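Participant: Here is what each chain is made of, one letter per residue.
There are 2 protein chains.
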Amino acid sequence: MNVKLGIIGFGGMGKWHAQNAPRAGVEIAAVCDIDPVKQQEAVEMGYKMYPSAEELLRDDNVNTVILTVPNYLHKEMCIKAAEAGKHVITEKPAAMNVQELDEMEAACKKAGVFFTSHQNRRWDKDMLIVKKAYDEGLLGNIFTIESKLHSGNGYMHEWHIYKKYGGGMIYDWGVHLIDQILFMMPQAKIKSVYADIKNVLHEEVDDYFKIILKLDNGVTAHIELSTYILEYQPRWLAAGDKGTLVVKNFGCEGNIYRTGKMLEKLPPQITETEAGPTRQFAPVPPGGIVTEPLPTVETDWVNFYRNVVDVLNGKAESLIKISEVRRVLSVMEAAWKSAETNEAILFE
Amino acid sequence: MNVKLGIIGFGGMGKWHAQNAPRAGVEIAAVCDIDPVKQQEAVEMGYKMYPSAEELLRDDNVNTVILTVPNYLHKEMCIKAAEAGKHVITEKPAAMNVQELDEMEAACKKAGVFFTSHQNRRWDKDMLIVKKAYDEGLLGNIFTIESKLHSGNGYMHEWHIYKKYGGGMIYDWGVHLIDQILFMMPQAKIKSVYADIKNVLHEEVDDYFKIILKLDNGVTAHIELSTYILEYQPRWLAAGDKGTLVVKNFGCEGNIYRTGKMLEKLPPQITETEAGPTRQFAPVPPGGIVTEPLPTVETDWVNFYRNVVDVLNGKAESLIKISEVRRVLSVMEAAWKSAETNEAILFE
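Keeping their order, the protein sequence lines are chains A and B.
For what it's worth, my numbering labels the leading residue of the first sequence as 2, then goes sequentially.
For what it's worth, my numbering labels the leading residue of the second sequence as 2, then goes sequentially.
Hints may contain errors.
Copies of the same chain look alike in the list, so a pair counts if it fits in one copy or across any two.
[What the hints assert, rightly or not] Calculated lysine to any residue pairs in the SDA-like style (CA-CA distance at most 20 Å, straight line):
no. : residue 1 : residue 2
1   : K5        : P286
2   : K39       : P294
3   : K149      : Q234
4   : K249      : P284
5   : K192      : K338
6   : K110      : P187
7   : K126      : T272
8   : K149      : T272
9   : K192      : A340
10  : K126      : L202
11  : K81       : V44
12  : K249      : I290
13  : K243      : L202
14  : K126      : P278
15  : K110      : V310
16  : K149      : V285
17  : K149      : Y258
18  : K39       : K49
19  : K39       : T272
20  : K199      : P187
21  : K249      : P287
22  : K81       : E341
23  : K322      : G113
Calculated directly from the structure, the hints in this document are not laboratory data.
Owing to the predicted nature of the structure, the values given are computational and were not obtained by experimental measurement.
Work out the full structure, taking the sequences as your base and the hints as a guide.
Facilitator: Printed below as a string of structure tokens:
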């Protein structure tokens, strides 16, 4: 079958899918939006346009929908689409919480339609470099992985600044950053979740979070996002007993850092630094730390839609399973609870 | 009175005090060590040398001692010194735990001698820059302060690698890094302590830790140390709703970073980065983030011993109070418990 996609919600991400899904052979069958401005845009761009989701869902030419409406509408739209017999792709977060997701999944199962979520950041090159280092043991036993995303852009936009619409950065990006960690180390169980979540610039919604996952493979994952840390720290830092890896940014600048044998048994000499005497934190001799290039990875986000096409033609399993989406939402719920109580949430 | 110091333990730090305490007018009255090599060194350096602490403590010319023995001996030596009527300065950590400290303090009170701990890193310029920014509100409402200390030196030395002697990095440096945070924000109560503590390269003792203190002033302090993170991250990062401060290293390179008004309401445009579409994490326009120099501070570690001299002459209060030392040890105990149980420890 050809995937004939209906786009429900023609804002920024709706337009993005309209432009990019065809790269996998997906046909944009129709779009809808309740906003007259966006309706007009859709018409001008040559798409078949409906003024409501209900009307789009009655179009027999649409066999699959992508939900690019604000987060709080995902559940309602998903269930309506399933009941109309359409396969459902949601933008992330798939749902506002685990309970909503379970209702959505039940509706899709009942209707016999496919259900997945656009966790597109599983194809991010920066993350895949760290995953490759983990999979191939390039750093030895890894003890810490830091995933950081900092911005100087400060304020969020549109419905993202309202709590009732599912705004805030945990929903917008936390769902990606947690998913990336669990995707990177799928065998690892989560021992505990601890979180610090703040509203720095926004009244209603979080714009800073740190979520710490202690995993049973010896790795502790530190996920941090801020819309207002102005000197951006590296996108990724992973450290093991054989080296440290840094990926600075989306552009994947960075290195692996290693020490020579010379450093393993330094003479126990106290050095006077500008902040007093220290032995352990004295400067490393020149040449003592050497760099290697990062491992190379190939990635293509279009594989998300290619996989959807394959699944709908019985040729592949879904790359984004609802059980995985559910696990991420469970971590998000644990993070909210941790931040509220200041306690760590024991997990799995 | 003149401070006539007996140095108990003539290893690296014993020699360091011998060299540096005189800068505050302190007289080195005697030193002792049980190691014949160090005894010989002391003689060659012209110090009055005793082969045991007991003999040094019988020297009436010594009125004050500094304990530069391995950590597990601090309690025993402190109590012996107090009973001999000597004022006591301990190297840090003052004690192995709160209970030991309480016994030491009781012995000093009973003997009517002064008791303090050499928390010399309260005079570190890098920390004082952050403290000044906090005190003067240079960053607005601060939401995160990161204190990081990374080294490529890997292995520790001598007794620091043995648990029974009080080895490991929480004892060696955690005691400083926690003390600095509490010294920086003395009015703030600690709501919870969460910690991740690991042995990366060492069999018995910790060489990596992350300790998170949620404070009731809105700041969360993240303290991290590793002897084997090879691309050193900034010594300090503090971020508030009016800017971000970075102090890169002991040498105090760094800046304050601020945004202009232009960034406060960016147009809600999705940008295609090398890792897919994003609005919030799109690059900031050139010139959008501006830098200012760090605030300047003057500091002089010699004030530690000058204060000891003043205290012993009734002219000042101690700058390092045992109640503060006790609070730091309490946080260390909470951190150990947190790391062991994976739970956060509610505090104060």
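Participant: If a hint holds in the structure, say so; if it does not, say that too.
Facilitator: Cross-check of the supplied hints:
no., hint, verdict
1, K5 <-> P286, "neither (62 Å within a copy, 38 Å between copies)"
2, K39 <-> P294, "neither (46 Å within a copy, 46 Å between copies)"
3, K149 <-> Q234, "both (7 Å within a copy, 13 Å between copies)"
4, K249 <-> P284, "between (23 Å within a copy, 14 Å between copies)"
5, K192 <-> K338, "both (15 Å within a copy, 15 Å between copies)"
6, K110 <-> P187, "neither (25 Å within a copy, 57 Å between copies)"
7, K126 <-> T272, "between (41 Å within a copy, 17 Å between copies)"
8, K149 <-> T272, "between (33 Å within a copy, 19 Å between copies)"
9, K192 <-> A340, "both (17 Å within a copy, 12 Å between copies)"
10, K126 <-> L202, "neither (30 Å within a copy, 30 Å between copies)"
11, K81 <-> V44, "neither (24 Å within a copy, 89 Å between copies)"
12, K249 <-> I290, "both (18 Å within a copy, 18 Å between copies)"
13, K243 <-> L202, "between (40 Å within a copy, 10 Å between copies)"
14, K126 <-> P278, "between (42 Å within a copy, 13 Å between copies)"
15, K110 <-> V310, "within (19 Å within a copy, 79 Å between copies)"
16, K149 <-> V285, "between (26 Å within a copy, 17 Å between copies)"
17, K149 <-> Y258, "both (19 Å within a copy, 18 Å between copies)"
18, K39 <-> K49, "within (13 Å within a copy, 88 Å between copies)"
19, K39 <-> T272, "between (65 Å within a copy, 19 Å between copies)"
20, K199 <-> P187, "neither (28 Å within a copy, 22 Å between copies)"
21, K249 <-> P287, "between (23 Å within a copy, 19 Å between copies)"
22, K81 <-> E341, "neither (34 Å within a copy, 48 Å between copies)"
23, K322 <-> G113, "within (16 Å within a copy, 70 Å between copies)"
Hint check: violations occur at hints 1, 2, 6, 10, 11, 20, 22; the rest are consistent with the structure.
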